[in-house]
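Each protein sequence line maps, in turn, to chains A and B.
For the first sequence, counting from 1, position 357 maps to 359 in the working numbering; every step adds exactly one.
For the second sequence, counting from 1, position 313 maps to 315 in the working numbering; every step adds exactly one.
Treat the hints with care, as some may be off.
Since the list can't tell identical chains apart, any single copy or any two copies may satisfy a pair.
Derived lysine to any residue pairs resembling SDA-like cross-links, with alpha carbons at most 20 Å apart [said to hold, decoys possible]: (1) K191 to R225; (2) K191 to G25; (3) K191 to T152; (4) K263 to M282; (5) K263 to E236; (6) K328 to E267; (7) K328 to Y308; (8) K263 to E212; (9) K263 to A304; (10) K263 to D334; (11) K328 to D291; (12) K263 to L283; (13) K263 to L332; (14) K328 to A192; (15) K328 to A193; (16) K328 to M222; (17) K263 to V187; (18) K328 to P264; (19) K191 to A179; (20) K263 to Q335; (21) K191 to R377; (22) K263 to L330; (23) K191 to G231; (24) K263 to E329; (25) K328 to D269; (26) K263 to P322.
Simulated from the structure, these hints should not be mistaken for laboratory data.
Note that the structure is predicted; figures quoted are calculated from it, not measured.
2 protein chains.
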Amino acid sequence: MTDDDIGAFVPGQTFRIDGAADGPLSGLTFAAKDLFDVAGRPTGGGNPDFARQNPVPTAHAWAVQRLLDGGASLIGKTITDEVSLGILGENVFFGTPRNTQAPDRVPGGSSSGSAAAVAAGLCDTAIGTDTGGSVRVPASFCGLYGIRPTHGALPLDGMLPQAPSADTTGWFTRDAATFRRVSEVMFGKAAPAALPNRLIVAVDAFGFVEPATADALRPMLDRLAAMIGDVREEMLAPQGLSVWGRAQRTLQPREAWETFKPWVERDNPALAFNVVRGLMLGASITDADAGWASLMRREARARLDYLLPPGTVLAMPTTPFPAPPKELPLPDQNAVREAILCLCAHGGLTGVPQISIPGANIGGLPVGLSLLAARGEDLALATVAEALETY
Amino acid sequence: MTDDDIGAFVPGQTFRIDGAADGPLSGLTFAAKDLFDVAGRPTGGGNPDFARQNPVPTAHAWAVQRLLDGGASLIGKTITDEVSLGILGENVFFGTPRNTQAPDRVPGGSSSGSAAAVAAGLCDTAIGTDTGGSVRVPASFCGLYGIRPTHGALPLDGMLPQAPSADTTGWFTRDAATFRRVSEVMFGKAAPAALPNRLIVAVDAFGFVEPATADALRPMLDRLAAMIGDVREEMLAPQGLSVWGRAQRTLQPREAWETFKPWVERDNPALAFNVVRGLMLGASITDADAGWASLMRREARARLDYLLPPGTVLAMPTTPFPAPPKELPLPDQNAVREAILCLCAHGGLTGVPQISIPGANIGGLPVGLSLLAARGEDLALATVAEALETY
Numbered sequence: 003m004t005d006d007d008i009g010a011f012v013p014g015q016t017f018r019i020d021g022a023a024d025g026p027l028s029g030l031t032f033a034a035k036d037l038f039d040v041a042g043r044p045t046g047g048g049n050p051d052f053a054r055q056n057p058v059p060t061a062h063a064w065a066v067q068r069l070l071d072g073g074a075s076l077i078g079k080t081i082t083d084e085v086s087l088g089i090l091g092e093n094v095f096f097g098t099p100r101n102t103q104a105p106d107r108v109p110g111g112s113s114s115g116s117a118a119a120v121a122a123g124l125c126d127t128a129i130g131t132d133t134g135g136s137v138r139v140p141a142s143f144c145g146l147y148g149i150r151p152t153h154g155a156l157p158l159d160g161m162l163p164q165a166p167s168a169d170t171t172g173w174f175t176r177d178a179a180t181f182r183r184v185s186e187v188m189f190g191k192a193a194p195a196a197l198p199n200r201l202i203v204a205v206d207a208f209g210f211v212e213p214a215t216a217d218a219l220r221p222m223l224d225r226l227a228a229m230i231g232d233v234r235e236e237m238l239a240p241q242g243l244s245v246w247g248r249a250q251r252t253l254q255p256r257e258a259w260e261t262f263k264p265w266v267e268r269d270n271p272a273l274a275f276n277v278v279r280g281l282m283l284g285a286s287i288t289d290a291d292a293g294w295a296s297l298m299r300r301e302a303r304a305r306l307d308y309l310l311p312p313g314t315v316l317a318m319p320t321t322p323f324p325a326p327p328k329e330l331p332l333p334d335q336n337a338v339r340e341a342i343l344c345l346c347a348h349g350g351l352t353g354v355p356q357i358s359i360p361g362a363n364i365g366g367l368p369v370g371l372s373l374l375a376a377r378g379e380d381l382a383l384a385t386v387a388e389a390l391e392t393y
Numbered sequence: 003m004t005d006d007d008i009g010a011f012v013p014g015q016t017f018r019i020d021g022a023a024d025g026p027l028s029g030l031t032f033a034a035k036d037l038f039d040v041a042g043r044p045t046g047g048g049n050p051d052f053a054r055q056n057p058v059p060t061a062h063a064w065a066v067q068r069l070l071d072g073g074a075s076l077i078g079k080t081i082t083d084e085v086s087l088g089i090l091g092e093n094v095f096f097g098t099p100r101n102t103q104a105p106d107r108v109p110g111g112s113s114s115g116s117a118a119a120v121a122a123g124l125c126d127t128a129i130g131t132d133t134g135g136s137v138r139v140p141a142s143f144c145g146l147y148g149i150r151p152t153h154g155a156l157p158l159d160g161m162l163p164q165a166p167s168a169d170t171t172g173w174f175t176r177d178a179a180t181f182r183r184v185s186e187v188m189f190g191k192a193a194p195a196a197l198p199n200r201l202i203v204a205v206d207a208f209g210f211v212e213p214a215t216a217d218a219l220r221p222m223l224d225r226l227a228a229m230i231g232d233v234r235e236e237m238l239a240p241q242g243l244s245v246w247g248r249a250q251r252t253l254q255p256r257e258a259w260e261t262f263k264p265w266v267e268r269d270n271p272a273l274a275f276n277v278v279r280g281l282m283l284g285a286s287i288t289d290a291d292a293g294w295a296s297l298m299r300r301e302a303r304a305r306l307d308y309l310l311p312p313g314t315v316l317a318m319p320t321t322p323f324p325a326p327p328k329e330l331p332l333p334d335q336n337a338v339r340e341a342i343l344c345l346c347a348h349g350g351l352t353g354v355p356q357i358s359i360p361g362a363n364i365g366g367l368p369v370g371l372s373l374l375a376a377r378g379e380d381l382a383l384a385t386v387a388e389a390l391e392t393y
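When you get a sec, could you build the whole thing from the sequences and use the hints?
Written as structure tokens, this is what we have:
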């Protein structure tokens with residue numbers, strides 16, 4: 003069905019657009035999740051009807067243009083969970099991109115094809131989107147470096163929105179040096195030379211994950227602690243990771259419904275059952291529930307402002323476990339998704355930057371360690387990742 | 003996309019299975035809605051994933067076998083709204099069967115292809131299903147004779163269920179004589195010679211429909227009154243047609259969700275947005291609401307037992323208006339569906355038999371007049387229809 007062995011690219015959407023000849027990324031290749039506009043090609047959003055029912059863009063998305071101007075060459079558009087509503091990377095129309103780092107497991111989503119393409123070595127980097135974990139989760143499951151940038155730090159022009167108060171553009175790489183180079187181009191400035199001087203370990207997050215995951219991440223956490231020096235244990239979410247998850251699961255689907263309602267009510271597209279079920283969850287959220295969730299968002303923001311002054315980095319597991327098996331029954335998928343959400347909700351709620359780095363292997367399955375910093379301190383995280391890779 | 007000009011048949015599902023040589027229906031042809039099993043062919047249910055994700059039947063459905071044994075020959079399987087969840091006859095996967103009697107209008111559903119095939123003269127009769135109006139509505143919109151039989155009177159083996167407490171197998175014809183012949187085969191006995199001796203006119207139903215529809219049906223109603231003699235005006239639903247509609251809209255989607263939940267949670271099929279939205283409505287109904295609806299069902303049954311002693315026929319408009327335009331925006335479709343439901347709800351709630359006969363034309367658009375009788379009096383309605391055709 004796809005043009006590549008990995009099933010990472012949208013059928014018919016492999017091509018080449020050369021980057022600037024003399025840019026800092028010249029010689030690198032990249033792929034773009036099919037939520038990003040590429041001039042003259044349909045933006046499919048992981049759904050055949052979406053591609054047919056919406057106009058073909060006439061300009062590149064900001065992020066695509068940014069990487070082309072930086073010298074990287076675009077080689078194709080990658081499969082995504084339908085309109086970015088999914089966390090496992092299984093698309094009933096386009097299939098499941100192969101996670102070469104964890105055979106027989108899902109790649110994670112919704113930036114599934116971008117992660118799978120980078121993990122398989124089909125390109126050097128790839129852009130994705132992260133609203134509720136859609137870069138962080140596949141980075142963890144595929145053993146990659148991946149970033150959810152500070153919310154609002156980068157223009158989202160030409161990127162299909164989902165929940166604008168939480169949407170971000172992120173990217174994947176296989177190594178920390180490339181990650182830092184791409185990040186510098188995206189943010190338009192150099193990563194700082196100095197490392198942060200304080201590390202917070204999110205004890206509630208380590209307590210929340212499966213014991214095997216917490217144990218496996220311990221050596222990498224110890225290396226990080228040794229490198230940074232000043233280490234303190236704190237709760238990330240005193241109100242409860244599950245409470246933050248609930249707030250995010252209230253605000254995000256509600257916004258997603260607002261985003262996609264005009265399309266689905268106009269064109270009545272075919273979508274996977276579980277995607278519509280998610281949209282309907284959003285449609286059913288009351289003003290009272292949304293009001294509560296907005297207050298909890300304020301508390302979460304205050305908590306991260308308190309925990310993360312400049313110069314501080316926070317470490318936590320990216321996901322509660324490595325990649326789950328493919329094709330779980332929907333009730334099992336829901337349980338997996340809810341658990342993942344508890345570890346990802348702070349991103350959409352607070353907008354702080356987060357990178358996931360290859361943290362450990364559990365029986366051959368990768369799982370990521372995440373680093374958070376204050377809003378705007380994205381490049382400091384790239385510096386930490388690169389230093390840690392060789393520490 | 004389909005094998006016929008009308009778009010009535012499922013692509014690849016036109017064929018011929020000869021009926022018994024010496025049956026009462028020998029020489030007639032029929033089609034079967036793609037909810038009925040035909041041995042060796044997938045039962046598609048109007049959804050490509052349903053066809054793929056379920057076993058191919060090894061035996062004919064009871065209704066198919068019954069007509070074959072009666073001498074009619076099967077010529078193909080017809081398009082249905084997805085898993086019978088729809089009343090307009092628009093299927094995003096298979097298109098909208100052409101309503102030759104009302105160009106540019108919907109054929110009505112969910113037995114859309116069966117009605118369209120008969121209306122276009124592609125076959126003499128066709129079987130459909132009626133849970134909430136799926137034979138009655140397309141019969142009205144396509145200017146056909148169509149029946150929703152007494153609930154429970156005919157075996158439903160090999161028919162894809164939707165809401166078993168309301169599911170029935172019905173059929174369409176273009177003329178009253180063929181309608182009576184097919185009905186006699188289905189019920190296995192002759193229609194009575196004597197006409198009913200009392201007519202009830204459902205004044206609330208005539209008051210509910212669009213004035214132009216009520217006016218247009220008046221001449222046929224007057225003929226019926228003249229033929230029967232004893233005429234009385236009564237309310238069909240003293241509690242409110244909209245209250246009966248609400249009860250049906252509570253019980254039916256809840257049962258439909260129970261029916262389809264195992265499939266959609268196992269296989270996560272692609273479905274039209276509005277179909278899943280309907281399923282999710284069913285999933286969201288509380289026990290308290292369902293309890294109330296069951297009590298109202300009891301009141302509706304008592305009302306029709308009171309109104310319809312043997313020998314009585316009740317007349318009402320089948321639909322509030324002729325066929326609406328195709329491709330209405332979903333909010334407009336919902337408004338149309340809700341209005342139709344108010345005139346159809348008594349079928350699922352009470353189980354009484356109902357036939358829709360060609361009642362009038364409004365600017366070239368057919369609209370049906372419906373006749374109801376006591377449970378088990380189905381063939382008396384065939385007798386009325388045939389007598390009225392030549393009265």
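Right, here's what the structure says about each hint:
1. K191 to R225: neither (27 Å within a copy, 86 Å between copies)
2. K191 to G25: within (14 Å within a copy, 86 Å between copies)
3. K191 to T152: Within one copy only: 15 Å inside a chain, 76 Å across chains, cut-off 20 Å.
4. K263 to M282: both (10 Å within a copy, 16 Å between copies)
5. K263 to E236: neither (40 Å within a copy, 43 Å between copies)
6. K328 to E267: Between copies only: 14 Å across, 31 Å inside.
7. K328 to Y308: Result: close neither inside a copy nor across copies, 39 Å intra and 57 Å inter.
8. K263 to E212: neither (37 Å within a copy, 30 Å between copies)
9. K263 to A304: neither (32 Å within a copy, 42 Å between copies)
10. K263 to D334: Between. Shortest inter-copy distance 14 Å satisfies the 20 Å Cα cut-off; intra-copy 27 Å does not.
11. K328 to D291: Neither. Shortest intra-copy (33 Å) and inter-copy (37 Å) distances fail the 20 Å Cα cut-off.
12. K263 to L283: both (13 Å within a copy, 16 Å between copies)
13. K263 to L332: between (23 Å within a copy, 10 Å between copies)
14. K328 to A192: Neither: 40 Å inside a copy, 58 Å across copies.
15. K328 to A193: Answer is neither: 38 Å inside a copy and 58 Å across each miss the 20 Å cutoff.
16. K328 to M222: Classified as neither: same-chain Cα gap 28 Å, cross-chain 61 Å, threshold 20 Å.
17. K263 to V187: Classified as neither; 35 Å inside a copy, 48 Å across copies.
18. K328 to P264: Between copies only: 19 Å across chains, 32 Å inside a chain, cut-off 20 Å.
19. K191 to A179: Cα proximity of K191 and A179: one copy only (15 Å, versus 84 Å across).
20. K263 to Q335: Classified as between: cross-chain Cα gap 15 Å, same-chain 24 Å, threshold 20 Å.
21. K191 to R377: Within one copy only: 16 Å inside, 80 Å across.
22. K263 to L330: For K263 and L330, the Cα distance is within 20 Å only across copies (15 Å; inside one copy 28 Å).
23. K191 to G231: neither (27 Å within a copy, 92 Å between copies)
24. K263 to E329: between (28 Å within a copy, 17 Å between copies)
25. K328 to D269: between (30 Å within a copy, 12 Å between copies)
26. K263 to P322: Cα proximity of K263 and P322: none, with 32 Å in one copy and 28 Å across.
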